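Protein sequence lines, in the order shown, are assigned to chains V and U. Heads up: the first sequence begins at 1 in our numbering, then just goes up one per residue. Heads up: the second sequence begins at 115 in our numbering, then just goes up one per residue.
No lab work stands behind these hints: they were computed from the structure. This one's a predicted model, so the numbers in the text were calculated from it and none came from an experiment. Accuracy of the hints is not assured; some may be wrong.
Cβ-to-Cβ under 7 Å is the rule here; a few derived chain U residues that face chain V [as the list claims (entries may be wrong)]:
(1) K136
(2) Y146
(3) R157
(4) P158
(5) L160
(6) G209
(7) G215
(8) F219
Pairs of lysine to any residue residues, derived as SDA-like cross-links and limited to a Cα-Cα distance of at most 25 Å, are as follows [stated by the list, open to error]:
(9) V:K1 with U:K224
(10) U:K171 with U:D131
(11) U:K136 with V:Q17
(12) U:K221 with V:L88
(13) U:K224 with V:Q37
(14) U:K224 with V:F64
(15) U:K156 with V:S27
(16) V:K13 with V:P107
(17) V:K57 with U:E116
(18) U:K156 with U:S226
(19) U:K136 with U:K224
(20) U:K171 with U:S199
(21) V:K13 with V:N77
(22) V:K57 with U:G115
(23) U:K156 with V:N77
(24) U:K171 with U:G155
(25) V:K1 with U:I164
(26) U:K228 with U:I176
(27) V:K1 with U:E153
(28) U:K156 with V:E52
(29) U:K156 with V:T53
(30) U:K221 with V:F64
(31) U:K156 with V:E75
(32) V:K1 with V:T114
The C-beta atom is built at its ideal place from N, Cα and C for all residues, glycine as well.
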Amino acid sequence: KAGVTQTPRYLIKTRGQQVTLSCSPISGHRSVSWYQQTPGQGLQFLFEYFSETQRNKGNFPGRFSGRQFSNSRSEMNVSTLELGDSALYLCASSRTGTGAYEQYFGPGTRLTVT
Amino acid sequence: GENVEQHPSTLSVQEGDSAVIKCTYSDSASNYFPWYKQELGKRPQLIIDIRSNVGEKKDQRIAVTLNKTAKHFSLHITETQPEDSAVYFCASSKGWGGSQGNLIFGKGTKLSVKP
Chain V
1 KAGVTQTPRY LIKTRGQQVT LSCSPISGHR SVSWYQQTPG QGLQFLFEYF SETQRNKGNF
61 PGRFSGRQFS NSRSEMNVST LELGDSALYL CASSRTGTGA YEQYFGPGTR LTVT
Chain U
115 GENVEQHPST LSVQEGDSAV IKCTYSDSAS NYFPWYKQEL GKRPQLIIDI RSNVGEKKDQ
175 RIAVTLNKTA KHFSLHITET QPEDSAVYFC ASSKGWGGSQ GNLIFGKGTK LSVKP
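Pulled out of the complex, with its shape left as it was, chain V reads as follows (with noise of 0.2 Å):
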């Protein structure tokens, strides 16, 4: 099975402006998870898409927002960007249901914010 694949893979943005990441997971797996890796805070959860609905979300603010789409890829946005939204964004995908909430993750998409 192909593993869960993230685009772009780099970007460089200036503050301000707004930025799109695309996650696509496992195939057969139905949960998208987003995280923010950065060397200060490590590893923090943003949210999570399940049948397209938030199920879950992680204390960061209004202009980190997400979706995810009938074949359960999952898009990720961020808005008026700021210079500490530079960081490694991970996602992860899971199977979900009982006994199986094993995450796997994609490669990262690589922010740096100018």
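Given chain V's structure and the hints, the job is docking chain U onto it.
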């Protein structure tokens, strides 16, 4: 809020020695505890996990133990090899059998295995 503390932050061992990384979680409702290995520039890779109904799980040179009373769990790597060098993250979630599957991560342990 929910918190996972991980120790040590760095660990250096000789090839062939054992390595132990410890984590403590705060939410007693947590029931799923995965460990991830992240090599430089690569994605976090799930290496082993344990659910709250089990006290120990082993996979070749890697084992994880869970003490629910004390709310801590540990990763044990035996016969370490240079390719074990990476950053290891522990995590907890309430997702097993439920809908709150978001992972709460520890800060990571940088393991260096010297040949």
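- Is K13 of chain V close enough to P107 of chain V, meaning Cα to Cα at most 25 Å? holds, 19 Å
- Please work out if K171 of chain U and G155 of chain U have their alpha carbons no farther apart than 25 Å. Violated - the C-alpha atoms of G155 of chain U and K171 of chain U are around 28 Å apart, more than 25 Å.
- Message: Checking one constraint from the list: CA of K224 of chain U to CA of F64 of chain V, max 25 Å. Satisfied?
- Response: violated, 30 Å
- Distance restraint between K1 of chain V and K224 of chain U, which requires alpha-carbon spacing of 25 Å or less: violated, 30 Å
- Query: Against chain V, is L160 of chain U within 7 Å by beta-carbon distance?
  - Reply: This hint holds: L160 of chain U lies near chain V, its Cβ roughly 6 Å from the closest one there, short of 7 Å.
- Item | Straight-line alpha-carbon gap K171 of chain U to S199 of chain U, limit 25 Å | holds, 22 Å
- Task: Let me know if the C-beta of F219 of chain U comes in closer than 7 Å to any C-beta of chain V, holds or violated.
- Result: OK, holds: F219 of chain U within 7 Å of chain V, min 4 Å.
- Restraint status (C-alpha distance of K228 of chain U to I176 of chain U at most 25 Å): Cα-Cα ~18 Å, so holds.
- Task: Against chain V, run the beta carbon of P158 of chain U and see if the smallest gap drops under 7 Å.
- Result: holds, 5 Å
- Message: Just to be careful, I want the Cα atoms of K136 of chain U and Q17 of chain V compared with a cutoff of 25 Å; is the pair within it?
- Response: Between K136 of chain U and Q17 of chain V the Cα gap is close to 41 Å, so the pair fails against 25 Å, i.e. violated.
- Would the pair K1 of chain V and T114 of chain V pass a check requiring their Cα atoms to be no farther apart than 25 Å? violated, 37 Å
- Query: Are the Cα atoms of K156 of chain U and N77 of chain V separated by 25 Å or less?
  - Reply: holds, 23 Å
Figure legend: structure checked against the earlier numbered hints; hints not met, in rising order: 1, 9, 11, 14, 24, 28, 29, 32.
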